[in-house]
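Asks: Listed here are the chains, written in short residue letters.
There are 4 protein chains.
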Amino acid sequence: MQNKRKIPAPFFEIGPKAIMYGDELLALAKAADAASKKYDVRIIFTPQPADIYPIAKATKELLVFAQHIDPLPPGRGLGSVLAESVRAAGAVGAMLNHAEKPLTLNSLKKCIDRAKSADLMTIVCADSIAEARAVAMLGPDIIVAEPTELIGTGKTSDMSYVLESIRAVKEIDPEIQVLQGAGISTGQDVYDVIYAGADATGCTSGILLAKDPFAMLEEMISAVRRAFDDRNGRPD
Amino acid sequence: MQNKRKIPAPFFEIGPKAIMYGDELLALAKAADAASKKYDVRIIFTPQPADIYPIAKATKELLVFAQHIDPLPPGRGLGSVLAESVRAAGAVGAMLNHAEKPLTLNSLKKCIDRAKSADLMTIVCADSIAEARAVAMLGPDIIVAEPTELIGTGKTSDMSYVLESIRAVKEIDPEIQVLQGAGISTGQDVYDVIYAGADATGCTSGILLAKDPFAMLEEMISAVRRAFDDRNGRPD
Amino acid sequence: MQNKRKIPAPFFEIGPKAIMYGDELLALAKAADAASKKYDVRIIFTPQPADIYPIAKATKELLVFAQHIDPLPPGRGLGSVLAESVRAAGAVGAMLNHAEKPLTLNSLKKCIDRAKSADLMTIVCADSIAEARAVAMLGPDIIVAEPTELIGTGKTSDMSYVLESIRAVKEIDPEIQVLQGAGISTGQDVYDVIYAGADATGCTSGILLAKDPFAMLEEMISAVRRAFDDRNGRPD
Amino acid sequence: MQNKRKIPAPFFEIGPKAIMYGDELLALAKAADAASKKYDVRIIFTPQPADIYPIAKATKELLVFAQHIDPLPPGRGLGSVLAESVRAAGAVGAMLNHAEKPLTLNSLKKCIDRAKSADLMTIVCADSIAEARAVAMLGPDIIVAEPTELIGTGKTSDMSYVLESIRAVKEIDPEIQVLQGAGISTGQDVYDVIYAGADATGCTSGILLAKDPFAMLEEMISAVRRAFDDRNGRPD
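For the protein sequence lines, the chains are A, B, C and D, in the order given.
Following our numbering, the numbering of the first sequence begins with 2 at its first residue and continues without gaps.
Following our numbering, the numbering of the second sequence begins with 2 at its first residue and continues without gaps.
Following our numbering, the numbering of the third sequence begins with 2 at its first residue and continues without gaps.
Following our numbering, the numbering of the fourth sequence begins with 2 at its first residue and continues without gaps.
Just so you know, these hints were derived from the structure itself, not from any lab.
Note that the coordinates shown come from a computational prediction; the quantities given were computed from them, not determined experimentally.
We put the CB at the ideal spot given by N, CA and C, even for glycine.
Any given hint might turn out to be false.
As the list claims (entries may be wrong) - Result set (DSBU-like, lysine-lysine): computed pairs, CA atoms no more than 30 Å apart in a straight line:
(1) K61/B - K31/A
(2) K61/B - K38/B
(3) K171/B - K58/C
(4) K102/A - K102/D
(5) K38/A - K111/A
(6) K38/D - K111/A
(7) K117/D - K102/A
(8) K61/D - K111/A
(9) K61/C - K102/B
(10) K102/B - K31/C
(11) K61/A - K171/B
(12) K58/A - K171/A
(13) K58/D - K117/A
(14) K38/D - K58/D
(15) K171/B - K58/A
(16) K171/D - K117/C
(17) K102/A - K212/B
(18) K212/A - K117/A
(19) K102/B - K58/D
Unchecked claim - Chain A stretches covered by chain B per the calculated footprint, using a threshold of three residues with CB under 8 Å from any CB of chain B:
(20) 9-16
(21) 133-147
(22) 161-167
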């Protein structure tokens, strides 16, 4: 586990959602941990809350993030996901405002503040360039620029969207990192997005629903490294 | 861990909400585990989702319940709490519809069905006699009859409410167990409710915010046993 | 406008949802008003909240219902729909808990109580037999037994569902009226449901999205009358 | 009724929430209409949705705004408040994202877009400077800079907050108007905020719960005019 507020590029997010859990997910997490080391690519891994503890204990390189935290401080709040609790279980960050768990503007602000006070990084989803700009005003560490209509489709954002969203966020705050999500389904998709200039991308169904999730994981993480090196003129 | 659909009376629920988590909660869970054995009182323990795994691993007698599950099946649903995931982490049940995490009638029905298919018991909260009757129609294992206006006040339901809510639920389905919650703050409160005829009661702030939570836990669990035996004419 | 707590059978609900509004809806409301008188069939008409006033002013027979009210009493609650406000505008009832506006069990209870105190009838939707039983415990005037998966499909509930849902509700409280919704798209569908024993049915897209909504309205309301008379052996 | 996308300063918002409705509110609306003309101060009036029609019909100067609209387009959406429906009833704008009706970031974006396509102005609430900046990215017409913790307290924002929030919004888009809300309870409060540089302010409980709402309305609207003229050096 690491916990730096700025993750060195390139990095990649694997989002198991509610697709995989328990021992099966633990095995995938261990494979991701090995791939992270092998290819020197940081991997954000976002399991179900009940899977945070065993995965954090069993891995060294993975950046385990909660899928969500609630805006409330320690105290009442039965049924919530408390920032401090996921931190204590081994998470180093939290995803917020995914299209499947949208937050009110006010809760989003509070969640980002709560994450900071619990020493958690934040990766916040935005559905459009305008929303990415709005989110940038709230001080997250990473923004996922992911048009909702592409989620789970296997259709990627086009490169103009990729570049425009990076530019829009960096204009407001150059310290915020931008992850290009939505529709990544092959190693080639990963290569294209990173080579075009993104510092990070990620995948859910492309890996989790692949015939062989382990092979696809390897294919994608190696593609991150290759694209990033090619883009920056890797020394032979 | 046990998983019987009907918990033998008397039993008790400890609900840490978002008050306690991590190592501190683990220590309390171990003390509850010991008290459960010592007094032969079943204890439902409902930690934050990220605390389910370590607590389930470290205890033998506790019935670890999730504070909440979402109605969705395995698949999409980023930010959710999946029934199968908490089951895999060691939970044997889930609480549903607490006043701090209310569910739509339709989601409540789905959650109860989802819990069954993931082999989780359900303990469902109801805010009034009418709501307890409505919940009884949906087939939960246990109903918490807890008038919201008393939660956290240290003021208990009066005995007529206790008896009427038990009767209302049992009339519809005698297999459903009834837990009398709300406002329990001393061992005497516990004694009174169990002695009056309840098979179960529970506590959050009375234990969690006590000067010495461990001592209060012991006081309450021993009171459960004493009241139950006194009520049933304990053989010396 | 009428306001009797029990609407004499047969009756019919027309639900414009957010499909039609303003002058166009007002014209349809007037046609429904005329059909109600012509066929001696009570019609519940549920416009958008901003359309309640003009429709209630322009009609005599229609039972104008709000599509929803919120559980709050007069006071704070910006952005809410207040029971007393829709009552003052001319509504005589409110629909609650439709699949497109689901309520928590606790809010549903409060909304039914609030409606009573504002002298509004309630028509509450239930998605399954179990939910219809649960709703019946909360004291509504009318229950809509409408399996969500059929809404807007043009596929009607089968007759065993119709009869079982009526029986389930009447067993709990024979005073509650049952409206069979979901999937009514022709006058024949209306005839079949009423003839089978329902006292009421209703329609949204079948009328609102018909090529000629006025003609379809006439076809359906006349079918209600015909089926009801045939069922009861109309004197020639 | 007017509908200009930019309301000439100074202006004032009266928010009846769910406090007043029906004939009583209609009388207050008429008084506001007269005060608007008398003092040449534009007044945004935000009634319950069922009160929009009669108030819009009975007034000439008032800018009637809905308290809320939903993000959905015409079609399904039972229980919603449709932009086109409130527009047809006479509203010229909609309030969005009040602390009592918070919107997800994504819905807020959609509601602003929907309002535009239905020819409604938008007045969007923000709870902090950071949130005001975020909202400014979404293209509303007016932003209410209102720290939630002051709502209904009779304690006003201090002047540094007033000026900083105006500056923060104007930096992003000088066309967006800023209304300083929260805690206005006397004519003097109104005078102070406008004199300090705000173009607009507003009030709910200060007027609605006043011993004499009509007198307080007059006091506040006249204070708007006086402060604005004093600030700009009224020619005698």
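Asks: Indicate, hint by hint, whether the structure satisfies it.
Replies: Hints, verified against the model:
| no. | hint | verdict |
| --- | --- | --- |
| 1 | K61/B - K31/A | 28 Å, holds |
| 2 | K61/B - K38/B | 9 Å, holds |
| 3 | K171/B - K58/C | 49 Å, violated |
| 4 | K102/A - K102/D | 18 Å, holds |
| 5 | K38/A - K111/A | 34 Å, violated |
| 6 | K38/D - K111/A | 42 Å, violated |
| 7 | K117/D - K102/A | 26 Å, holds |
| 8 | K61/D - K111/A | 42 Å, violated |
| 9 | K61/C - K102/B | 43 Å, violated |
| 10 | K102/B - K31/C | 43 Å, violated |
| 11 | K61/A - K171/B | 52 Å, violated |
| 12 | K58/A - K171/A | 35 Å, violated |
| 13 | K58/D - K117/A | 51 Å, violated |
| 14 | K38/D - K58/D | 17 Å, holds |
| 15 | K171/B - K58/A | 45 Å, violated |
| 16 | K171/D - K117/C | 48 Å, violated |
| 17 | K102/A - K212/B | 37 Å, violated |
| 18 | K212/A - K117/A | 38 Å, violated |
| 19 | K102/B - K58/D | 42 Å, violated |
| 20 | 9-16 | violated (count 1) |
| 21 | 133-147 | violated (count 0) |
| 22 | 161-167 | violated (count 0) |
Comparing the model with each earlier hint shows violations of hints 3, 5, 6, 8, 9, 10, 11, 12, 13, 15, 16, 17, 18, 19, 20, 21 and 22; every other hint is respected.
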